[in-house]
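S.K.: Same order as they appear, the protein sequences are chains A, B and C.
FYI, the working numbering numbers position 239 of the first sequence as 240, with every residue one higher than the one before it.
FYI, the working numbering numbers position 80 of the second sequence as 1363, with every residue one higher than the one before it.
FYI, the working numbering numbers position 134 of the third sequence as 150, with every residue one higher than the one before it.
Watch out, some of these pointers could steer you wrong.
Footprint (simulated), chain B over chain C, 3 or more residues, beta carbon under 8 Å [stated by the list, open to error]:
no., region
1, 39-50
2, 128-139
3, 177-186
4, 196-203
Derived pair list, reagent style DSBU-like, types lysine-lysine, alpha-carbon separation capped at 30 Å [unchecked claim]:
no., chain 1, residue 1, chain 2, residue 2
5, C, 112, A, 67
6, B, 1489, C, 51
7, A, 261, A, 209
To be clear, the hints were calculated from the coordinates, so they are not data collected in a lab.
A virtual CB, placed ideally from N, CA and C, is assigned to each residue, including glycine.
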Amino acid sequence: MTGTLLIAQSAVIIGGIGFLVGIVLIWASIKFAVETNPLVEDVIGVLPGANCGACGYAGCSDFADKVVSESAPIDGCPVGGFDVAKQIGSKLGQEVIEAESIYPFVRCDGGVHCIDKIDYVGIDDCRAVMMISDGEKGCSYGCIGRGTCVRACPFGAMSMGDDRLPYINKHLCKGCGICVDECPNEILVMASESDSVHVLCRSHDKGKLVKSVCEFGCIGCRICAKNCPAQAITVTDFLAEIDQEKCTDCGLCVENCPQKSIVPTSPALEAAA
Amino acid sequence: MSEMTISGEYFRGIIKDNPIFALVLGLCPTLAVTTSVENAIGMAGAALFVLLGSNIMISALRKHIPPITRIPMFIIIICTFVTIIDMVMEAYTPPLYKALGIFIPLIVVNCIIIGRAEAYAIRNNVKYSIVDALGIGTGFLIVLVIIGTIRELLGTGAIVLFGFKLISIPIYSDSPATFMILPAGAFMTIGVLMALVNYNRIRKLKRGL
Amino acid sequence: MEEVSLFAIAINGIFVKNFLLVQFLGLCSFLGVSKETKSATGMSAAVMFVMIMASTAAFLIYTYLLQPFGLTFLSTISFIIIIAALVQLVEFIIRKYSPPLYRSLGIFLPLITTNCAILGVVILNVRLEYGFIESVFYGFTAALGYTMVMLLMSAIREKTSVLNVPAPVQGIPHAFFITTLLSMAFVNFFGVIPT
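Same shape as in the complex, but just chain A (with noise of 0.2 Å):
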């Protein structure tokens, strides 16, 4: 074949090839035009941009859509919280109203003060141990110590306590409520701060087994219960749960409470204790 035939048939094909793909690519990027509302870019110039899905929906990007399309609630980003709240209000020229800030309580007061029923040897990891028969502590609903929940807060905000229980820095913390969603035993729990007393135990177990290998576990003895001006407080299956909405802030059942199980948690309470 001669030189100049073979370059003038490669330019064509080669040519013709891309000549025709730019037009499929026209035609397509008409066809599938996907229409910006330049308010959801707004709304995500906002958001934090943390991507932590607390708000229930797949991202900062989805939940601005949603909110635009006004099928997520304006003030559905925790970690952003009033201020975020605030401002995407105004870019959608509506008022937002203060809500109650939560945070995660923890509700076990074993660590170091509850036995260990085994020696345990493997991943360190909370969600590893409950794999494994009930976990390695005395009380099979415990607070493991071994971290899952702090490695998993996207903020930094919690540490584990030389008591081998974690702590929260409410400075930091932005209420995504992930450490509760990680914890195997459902220890944490998104409380708000005007709660104002909490059962620091999650155990089922009877009270003399409790008392046995843990030094601060509620044994199911009724006395909160039957001390309640509100009966706020109901016993089921020898543990207390405190209902807080009924709650009247008395802080009788703090002083009543044998096991010291329940603590004050609303700064007034705290100061009287």
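Place chains B and C on chain A using the hints.
M.R.: Here is chains B and C on its own, set in the frame of chain A:
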């Protein structure tokens, strides 16, 4: 813009911007062709040819390439040089061509070449683009030869270059660890080397350098 | 051209000549995407789609446009144009019909263009002189092999993320060591299909 010197840019391509250890690009050919030092040198040579050609051409045309079409333009320019070296190697170095196999045409999607075009050639003049290509090419060659040496020496007990047996480990070469020639050996070698590079980096950071 | 059975192609594509662990194709994106199962699945799906379409289109172009005119040296450049166009098309479609998937894939979608696996499969189809059905099927099974290794890798990486790995080994070297073990397992398949 800080001063650029020819030697500065050249050595930057070898150490600070080493394509495999610093930029972590171009892993596919690195692991595939380092079964022997000869193949390693061959691949590095082919890649250098393409890198030089594309850097020069893109740098010469840099003022005339519209930004929105630059990636397709890069690919087409790089493709030209890859096709050239592919045909040249098929004709003049058949055993090397056969050994490198599909990795010669795959140089066109080697992230190193496109990466340099995007990061360097499009915004610097031809002289420095040549130096950059030489530097990156040398860096690539050094890494390939290191890995090739380790794999060939431990995997076959000897290094054979262009028909000449360079080194041969006496007792070991009777039953060498063929594992090193296998894909698994490649992964392990580069894993260990990268860990060493990281260790060095962490040590430097700790010293505050 | 010998007749190659589809079964042999499947075993080759998925196990014996696995693209990631044996042929070293597609490694660049492998390390980045295999950290989480979610992105691994998304990337694998996109790769499978592009591989099948690219195999089809490339075969047609090679057989009906390049071979008759004796312009087979243009194969590399025409293939890369087709692949780039297909990836752009896939990007348009995903962006329109599944925005969350589009956002989670992020930069990986355009990165499939430079993924050696796609161009690799297409060039291999040519070099192994496969017919139309064989070419498309090879694209499909190569993608299956890719998916399998991606999912294995992401599962292992997710589970080992809780381990205490020494600082220099964290990240890429750790991934390479896992890949070494996976690759060693696949050595067992060598020789299953005689070459």
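S.K.: Each hint needs a verdict: does it hold in this structure or not?
M.R.: A quick look at each hint next to the structure:
1. 39-50: holds (count 7)
2. 128-139: With 7 residues in contact (Cβ-Cβ under 8 Å with chain B), the coverage given for the region 128-139 of chain C holds.
3. 177-186: Contact hint for the region 177-186 of chain C vs chain B: holds, 4 residues under 8 Å.
4. 196-203: Held - the region 196-203 of chain C has 6 residues with a Cβ nearer than 8 Å to chain B, which meets the minimum of three.
5. 112/C to 67/A: holds, 16 Å
6. 1489/B to 51/C: holds, 27 Å
7. 261/A to 209/A: holds, 16 Å
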